[in-house]
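Participant: Letter by letter, the chains look like this.
There are 2 protein chains.
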Amino acid sequence: MISVSEATETLAAALGGGEAARLAAEALVEAEALGLPRFGFDMLDEWQPGLVVPKAGSTTAMEWRDCAQNFSPLGVAAATLDLKQAARAFGIAAVFLRGVKGFGRLAPFARYLADEGLLAIAGAEGPPFVAPYGGNRSVIGTNPIALGFGRGEGRLVVDTATSTATMADVKNARMKGKPLKDGVAIDADGRPTTVAADVAALLPRGGQIGSLVGLIVEVLAGVASEGRGDPNGRGVFFIAIDAGRIGDPESLLGELRRDWTDAGGYWPRGGDVSPDTELDDGVIERLETQLARMAASTQGEDK
Amino acid sequence: MISVSEATETLAAALGGGEAARLAAEALVEAEALGLPRFGFDMLDEWQPGLVVPKAGSTTAMEWRDCAQNFSPLGVAAATLDLKQAARAFGIAAVFLRGVKGFGRLAPFARYLADEGLLAIAGAEGPPFVAPYGGNRSVIGTNPIALGFGRGEGRLVVDTATSTATMADVKNARMKGKPLKDGVAIDADGRPTTVAADVAALLPRGGQIGSLVGLIVEVLAGVASEGRGDPNGRGVFFIAIDAGRIGDPESLLGELRRDWTDAGGYWPRGGDVSPDTELDDGVIERLETQLARMAASTQGEDK
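Protein chains in written order, with our numbering: chain L, 136 to 438; chain D, 136 to 438.
In short, the hints are calculated from the structure, not lab data. Don't take each hint at face value.
As the list makes no split between identical chains, a pair holds if one copy fits it or if it spans any two.
Stated by the list, open to error - Result set (DMTMM-like, lysine to aspartate or glutamate): computed pairs, CA atoms no more than 25 Å apart in a straight line: (1) LYS313 - ASP324; (2) LYS236 - GLU154; (3) LYS236 - ASP201; (4) LYS190 - ASP383; (5) LYS236 - ASP394.
Required output: the full structure, derived from the provided sequences and hints.
Facilitator: Put into structure tokens, the structure is as follows:
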């Protein structure tokens, strides 16, 4: 048996070691532990030995980066680490990424910033799968929005898509020959459909509010990053605020959490898993396969 | 007849003149022109001659202000003007307000920042009227979130509540003896109700997505501002990014707008009205009543 922390160490080493590799590895192993392989080791399919090591060590309040030549989870992790330093230096800082391929989930990166004493807001745009509210074809991505704040037990990590479903859900339903739920998708004529093969666009989550929040994410992650429509990958943004400059945010966050959960509300924590969690054999096998492929392609490169 | 621009000039002068007074007056007159008096001249009920002139001229990347002693629309306007300078100086800046009473809508302030070449994000929390998704009593406010970006025709101004309705809607329904729509509210036992008199909490807009976005706004506007639960007023936040540092955001925003509207999506502009719009007699009368009250109370103060 291998634990989450052991798998993280092994993968971090294979990704070149250091802080960014560790954070990227944490994100991918966590997704596997949560049963979300397409945000986990599937990402390693994109890893190649010739990829550029992401820029690191920059401390500016505003930064734009093109991640097209990076292994994307490493590119996002390096940007997260630099954003932490920038937010501490300036009080508030932002980084806008473009050319990002699959990097996993926003939650682990937002949680990392929260643990480091920052309030983090993040979002990602992507290929146009989602129609505007009331519209008849796809314009924006599934555009998740995330927030991380607080530490330990009381920590809040929101990470939610602004669409009803993902294209992976549609593919799954199609492969299994199962119908989709009502209200998830429309066909090429803009009519509601539950037939996976007929899906032309997904619908925004919760109607107009999800559509407007998806549009906000599209502007921040796609337009402000200049990454919208870039064939090399998606746009991602992170804003971080130094919570150390707020008087006593932890106690106010604790009160909000008590009020929220006492009223029956769900307090999201972004799906964090204990480092001691034992990984399933299937997960370990997937990791070993990827590590073997990475080692073999590196040797091929060395010759 | 009086136009929007004439009414704005008159009200700005009555509020002491200057840039902040002008922006505050614009916001209130615009709400009246949109038929939303409770975000318009109703705000002037809070005006008193003894109120402190809001702090202005501060340029720091992060700022916290207590607006309890200001006329709130002026306090928010002054913070908006200073945020503009700070975002230009630092690339990104934020202001967190507490003790804010009625100040109108977020849209005019977000639009002002957009017109000044900034990308603005804003939100406001308020008295606990809204239950968490799946919850049985109210915890957060109707918590609007706003974004402003771009100029002129192509400008985007989102300003949307994260709740299904407002307590004003409930009061209206109660006064008129009309039922509420389904899915808007719950009673003291947490059960759905359409009887206005039985409403104990409003529900989040669009289910879980509206609830999570409401929670994000509560953290930024309530917790980070340290204003949550303050009996003197609500918490408000603004983040502004200098869009001049982005390469060519206007053309990307234009493409997004075309894609969005061509697909049948609604491109919100925050309800801006032309300065030449003629105001209704009822609106003019309301303004004159307020101006007379303000003049009389100032004279009373001078004696």
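Participant: All hints, please: hold or fail.
Facilitator: Consistency of the hints with the structure:
1. Taking the shortest Cα distances, LYS313 and ASP324 sit within 25 Å of each other inside one copy (21 Å), while across copies they are farther apart (38 Å).
2. In this assembly of identical chains, the alpha carbons of LYS236 and GLU154 lie at most 25 Å apart only when taken from the same copy (20 Å versus 45 Å across copies).
3. Taking CA atoms no more than 25 Å apart as the test, LYS236 paired with ASP201 passes inside one copy only; the shortest distance there is 11 Å, against 43 Å between copies.
4. For the identical chains of this complex, LYS190 and ASP383 are inter-copy neighbours only, at 23 Å across copies versus 34 Å inside a copy, given an alpha-carbon limit of 25 Å.
5. Taking the shortest alpha-carbon separations for LYS236 and ASP394, only the inter-copy value of 23 Å comes in at or below 25 Å, while the best intra-copy value is 39 Å.
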